Amino acid sequence: MDPKKNLRRAIALGALLIAGAAHADLKVGIDLSSTGPAATIGITSKNAMLMWPKTIAGQNAQYIVLDDGSDPGTAVKNIRKLINEDHVDVIVGPNITPAAMAALDPVAENQTPMITLIGSASVVEPQEGKRVWAFKMAQTDSAMADVMTRYMANHNVKTVGFIGFADSYGDSWLNEFTKFATLRHIQVVATERFNRTDASVTGQVLKLLAAKPDAVLIAGAGTPTVLPERTLIERGFKGPIYQTHGIATPEFIKLGGKDVEGTLFPTQPVVVARTLPADHPAKKAALAFVDAYEAQYGPGSVTQFAGDAAGVYPRLQDAVARALKTAQPGTVAFRVALRDELEHAHELVVPNGVVSTSAKDHVGLDQRASVMGVIRNGKFTYLSQ
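FYI, in mature numbering (1 follows the signal peptide of the UniProt record, and there is no 0) the residues of the sequence shown are -24 to -1, 1 to 361.
The hints are simulated quantities; they were obtained by calculation from the structure and are not laboratory data.
These numbers come from a predicted model, not from an experiment.
Glycine residues also receive a C-beta, built at the ideal position from the N, C-alpha and C atoms.
Pairs of lysine-lysine, DSS-like flavour, derived with a Cα cap of 25 Å:
(1) K57 <-> K30
(2) K155 <-> K134
(3) K355 <-> K259
(4) K301 <-> K30
(5) K134 <-> K183
(6) K106 <-> K336
(7) K183 <-> K234
(8) K188 <-> K234
(9) K214 <-> K134
(10) K214 <-> K234
(11) K155 <-> K183
(12) K230 <-> K355
(13) K134 <-> K188
(14) K183 <-> K214
(15) K155 <-> K188
(16) K53 <-> K3
(17) K260 <-> K355
(18) K3 <-> K30
(19) K30 <-> K260
(20) K106 <-> K57
(21) K214 <-> K188
Here are the in silico distance ranges between beta carbons for each label pair:
(22) K230 <-> A33: 35 to 41 Å
(23) A309 <-> H131: 50 to 56 Å
(24) D342 <-> A186: 36 to 42 Å
(25) A309 <-> A142: 38 to 44 Å
(26) E270 <-> T173: 26 to 32 Å
(27) K230 <-> E104: 40 to 46 Å
(28) Q87 <-> D255: 40 to 46 Å
(29) G233 <-> A309: 49 to 55 Å
(30) M27 <-> K355: 18 to 24 Å
(31) K57 <-> A142: 28 to 34 Å
(32) E61 <-> S332: 33 to 39 Å
Modelling step: build the complete structure from the supplied sequences, incorporating the hints.
Rendered as structure tokens:
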């Protein structure tokens, strides 16, 4: 066969491949807990994603959404499918800490950036090894513990009883809270744990009460956190009850009713958007998202998790625009470029704060993304410090 003819065919084939790549869809693989104990988190995240535009940075976008049932093992299977069979350019999710930690292996092995929706910083800190492929939308537990303990110290809380999830979420919160509590001379006098699916926490609550703390912190997410708070009330605890930013769903208030009235918690701008100070830098973006979300899903339906999910889109829009200058979707080169550009957000306003990332910081949120809130008259309300 004529070598020159072979060369011409190879060049023509290469041109076709390049042309095909230029028109390739940007594939976004999404893993969420739409069922199971974390469903109240995953469903609102999914709702926000259903509002995303059909293009990202001018590129046609294909969104592939899978449910992990709140199970880390299923999350890993989903992510491997998204990477190996669907050939996605980026993973969004998971939205529970154990699943996000388990997902580090497949995303690192396949050089695919992952933007998680969890609270714990453990998935991105320290920035080395597998974690260089992970990014995170939600404010860190560390920053939330900081604003919470500052509020406690300003309101004469000296001793705290802790009860948290018996998993990596609870571990992270215990570690971060203890660090900032020590800094502000607040003593943790009792530590208890519970499972997301427990039907009773009476034994743990009695031990907390025996320690006679000034306040109690419940470190969990979603509706399972109502149980320990209700049990504390039923057993006669009169002190302030603090929860983490993981409670901010309408279902928590609906299930908790009068028992969760007065609950104190750190949160992000979207949750208390309507009562934020006028000069808060994220108020405009937060309100715009809340108005659009509630117009579609009903008054009072917005959650922090929906806000985090909404923020993924501008993060991708920002990074994809730059990554496209290096490579096209569907290639390892593009995934690597996208990972690199996700590190270069600068003062990017999203509904839950202002993002400035770097090679050492894969969250990028500062204290503008952390405020204190209170449940007042059945609503999440900004609490002036």
